[in-house]
Amino acid sequence: MVPPCSLHVPRLAQLQEGPFDRQDPESPVAAAILPLMRLGDLSDQELLAEYAKRSGSLRDAVVNELFERHYARVARWCLRFAGDRDAAADLAQDVFLKAHRHLGSFKGASRFSTWLYTIVRNESLNRIKGGQPPTDSEDVLGQMAALGAGPEELAARGRQGQRLRDFLSTTLDRVERTVFTLHYGDDMPLDAITRLLKLDNASGAKAYIVSARRKLVRATRRLRARGEEL
Amino acid sequence: MKSKSSDQTVLKRMLQATAECIPVERFGETRTAAENEHVNGCARCQTDIALWQEFNDAAPVPDEGAAVQWVVAELRRRRQAPLPARASGGMWRWLLPSTGRLVTAAAALAGVVTIGYVMRDGEPAVRELQNAPQVYRTAQVQVVAPVGDIAAPPRALEWVAVSGAVGYDVDVLEVDGTILWRGTSATSRIDLPSSVLAQLVPGKTVLWEVRARSASGATVANSGTQRFRVELKKLSTSFR
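Quick note, the sequences are listed as chains A and B, same order. The numbering of the first sequence is the numbering used here, which starts it at 6 and goes up by one. The numbering of the second sequence is the numbering used here, which starts it at 452 and goes up by one.
One chain only, chain A, in its complex shape (with noise of 0.2 Å):
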């Protein structure tokens, strides 16, 4: 069931004492045109104006409408993360309870759906952060530290974060860049990011991180014939 989000239609003759953007939003006739207006056929941007302006069980339904417009696009993406649907249910509440306690701050910087995302991501990555870091059977940034110099001493210097980022960038195609910094950037698990880039190839996320490294390895024998270091 879904909850009603048009409410009770009042009187009409109550609606004559003016234009619906200039009345007290706790007036007897804007609370009677509010349930009028459908919430169906407002805007996000407009539903959270509401939301600013009402309590009670007009507020709520405001919520409501908001929040089930974006049900399925944030169940779709909890569904991918995190590949069985209870935990995914668990995750898009805790989206929502995060979204709900926080929607008095949402000032509009954003469309409400980026804003929501932002929720999203970091819920997923927390849910991350309470595990292991990645590990693979390829030791990829083991072949890269004895190939070139190691990142520790990439570290040490000025520029290498940006040096690495453009070898990236030069090395790898978009999809093997996308899954590599997401495995060792966020320490995404590889089924994790095959779901969320809807990867269809028979090892997902795999085998783009094993294309990544045999390039990487390539690169930086070729930097170091020609002398050069990352």
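Derived by calculation from the structure, the hints in this document are not laboratory data. One or more of the hints may lead you astray.
[Claimed, not checked] Derived, one-sided and incomplete: chain B residues facing chain A with beta-carbon distance under 10 Å:
hint	residue
1	Glu505
2	Glu515
3	Arg527
4	Gly675
Model, not experiment: these values are computed from the prediction. Glycine residues also receive a C-beta, built at the ideal position from the N, C-alpha and C atoms.
Chain B: place on chain A using the hints.
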């Protein structure tokens, strides 16, 4: 000798966002040339933008739809579930930190709810707007179709011609306000292009709006936001 975990820690630090990276709030906006140059060379930005695009992409992958509907149904069920005696704080009291609790106990009930939900329809009815809010719109374009749940994707949008209008501007939008397509028409009808038709998948709610324009270019009437959705085919077979 460096350890593998040490290497990973250093690399992880290198792959984090920097001050030059585009903040997520700006992902949907037009970027400057300097920002584009940065994005083109920044694996972090490219990754975050790719994920954001996946989040916004409404297209489910094969076999995903039923599971997504299950999660949505579960969210609705939890929202409407009877409250513990100590809970308080309005109808959104259901939003308590979950993290694994109640899942096992709710599984059987959720299964029953979900099966019933999917077999019934799986989506709430999209309400038509015959009693739309006339009171706050001084001049309205009366729409003809499509509105509400419809059996097949519409080939065109139609409305009643407005006296004095010389043309009409039409927007087709996602439910979050993202514009899918914009068009103009000199008549009271506009055909939808194939790019829009391809997005009218069953179960997806789409919004549209038409504005009547006078010879001076002023908007003289507005339909307000209309919504329609191609109905999902109802499941008539039982699970075997």
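Against the earlier hints, flag every one the structure doesn't satisfy and list their numbers going up.
none
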